[in-house]
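Participant: Working from the sequences, and respecting the hints, build out all of it.
What follows is the residue order along each chain.
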Amino acid sequence: MEHYVPILVYTLVAISFPIVALLMAKVIRAGSPDPVKAEPYECGVKTSTVAFDTRFSIRYYLIAVLFVIFDVETIFLFPWAVSFDRLALFGFIEMMVFLAILLVGYVYAWRRGALEWA
Amino acid sequence: MPEPILQLLLIPLIKIVVLLVVVLLIVAYLTYAERKILAYMQVRLGPNRVGPKGWLQPVADGLKLFVKEDLVPGGAEKLVFMIAPAIVMVPALVMFAVVPFGEPFKVAGISVTPYLADINIAILFILGVSSLGVFGIILGGWSSNNKFSLMGGLRSAAQMVSYEIPMGFAVASAVLMAGTLSMVGIVEAQRTAQWWFMFPGILGFGIYWVCGVAETNRNPFDLPEAEAELVAGFHTEYSGMKFALFYLAEYANMMIVSAMAVVLFCGGWLPPFPNLLAGLWALPVLAWIPGAFWFLAKMSFFLFCYIWFRGTFPRYRFDQLMNVGWKWLFPLSLANVMLVALGVLLLKG
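For the record, the sequence lines run as chains A and B. Residues in the first sequence are numbered consecutively from 0, following numbering that gives the first Met the number 0. Residues in the second sequence are numbered consecutively from 0, following numbering that gives the first Met the number 0.
Since the hints were derived computationally from the structure, they do not count as laboratory data. Hints should not be assumed to be uniformly reliable.
[As the list claims (entries may be wrong)] Heads up, simulated DMTMM-like pairs for lysine to aspartate or glutamate below, C-alpha to C-alpha not over 25 Å straight-line:
no., chain 1, residue 1, chain 2, residue 2
1, A, K36, B, E228
2, A, K25, B, E68
3, B, K14, B, E187
4, B, K67, B, E33
5, B, K63, A, D33
6, B, K77, A, E38
7, A, K36, A, D52
8, B, K77, A, D84
9, A, K36, B, E68
10, A, K45, B, E68
11, B, K347, A, D84
12, B, K326, A, E72
13, A, K25, B, E102
14, B, K347, A, E93
15, B, K52, B, E33
16, B, K63, A, E38
17, B, K63, B, E102
18, A, K45, B, E228
19, B, K77, A, D52
20, A, K36, B, D69
21, A, K25, B, D69
22, B, K326, A, E38
23, B, K14, A, E1
24, B, K14, B, D117
25, A, K45, A, D33
26, A, K45, B, D69
27, A, K36, B, D60
28, A, K45, B, E76
29, B, K67, A, D52
30, B, K67, A, D33
31, B, K77, A, E115
32, B, K105, B, E228
33, A, K25, A, E38
34, A, K25, B, D60
35, B, K105, A, E1
36, B, K67, A, E41
37, B, K347, B, E187
38, B, K14, B, E102
39, A, K36, B, E102
40, B, K326, A, D84
Facilitator: Written as structure tokens, this is what we have:
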């Protein structure tokens, strides 16, 4: 517990850093607002649509889904890696089976073209 | 003053102040070093007007960013637009809490550790907190009401999550060799093993470093900020202090990736070749050099590599970037974990 209190205090200080910086800047910075300045940077002509209407590739979602699956896999690796000394051969075989199952999923995703970006 | 108050209150507070000052100072002078080194690589002089040889350039930059007008684009989500830089900056600073900069030493009879906390889940803490930064980047890109920023934010998020997986595997291979998640414990394990983990784990080290460069959106993986196609990516619309926060966070993240590389694979604060070289001729000499020096020297080397890459490599295309991450680094890092596990099993029996 005594190790986590300094981290908590430090986190609070770290959170206050951007707040203090932004407040200080607010006091001393220059400011002459103008509707032309507030135009989003695009090409110089007045923008006809808002940016949220822009379409983007569905593959970003696909990458996000793949990430969730395989990142959970990494999280499983850490407790196993820490106690690997005690688990020895049993732990090794268990983890190889687990990784092999996920490898099948990875090969499936690859074969179905989920990793292609075009 | 009674001992517990001193130990629990005063020393951590002093350490917090010192840590923040040191980190922000290194970050400020990293920007100066980057401009200077890039300039020399391109046969220019770089900043040399503010102060002797331009040493005060970071101060001038900071002052300029403080007084710059802060523009919020029309149609932006104002609240999200304002807190996005803070969401990027805070995790970048918080991660330094568990980085061990050196060995414990004694000042006036009190043992002081040159790190804020040695927790037994330090690696998980860093991996977890570092993932929070991506929220700020995608929120900043989304809330700007700018098409370039939106694409930059999305690209950045996709890139960071893609490279986080091989990075996690590479870190796991170092944890396998050390058998602990504590940063101090990993360095001590390298002292016991008499090897830096980068020698038995050379493949994991390479994967870690490539992923680390990609995670921080630096060249040759700086697609989210690609000037030629996305102007500045997720921070096109940011100016003044908000831009400065994004900028500082990027450099703080570079420091964290370098510090992690030093702790996991390069022996942390240990002198080169712990015990082997030290046992021969170098013991009296190396014993005088404090561990923090070795740590900072190794970290500086990795930071120099960042700048070196920027001065050398052209930028990837986005499909190439995703291919490298998913089709090369992912299977390679998986094979690396299996190989390291087999090696540890055979050696430790």
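Participant: Any hints this thing doesn't respect? Which numbers, in order?
Facilitator: 8, 13, 17, 22, 29, 31, 32, 39 and 40
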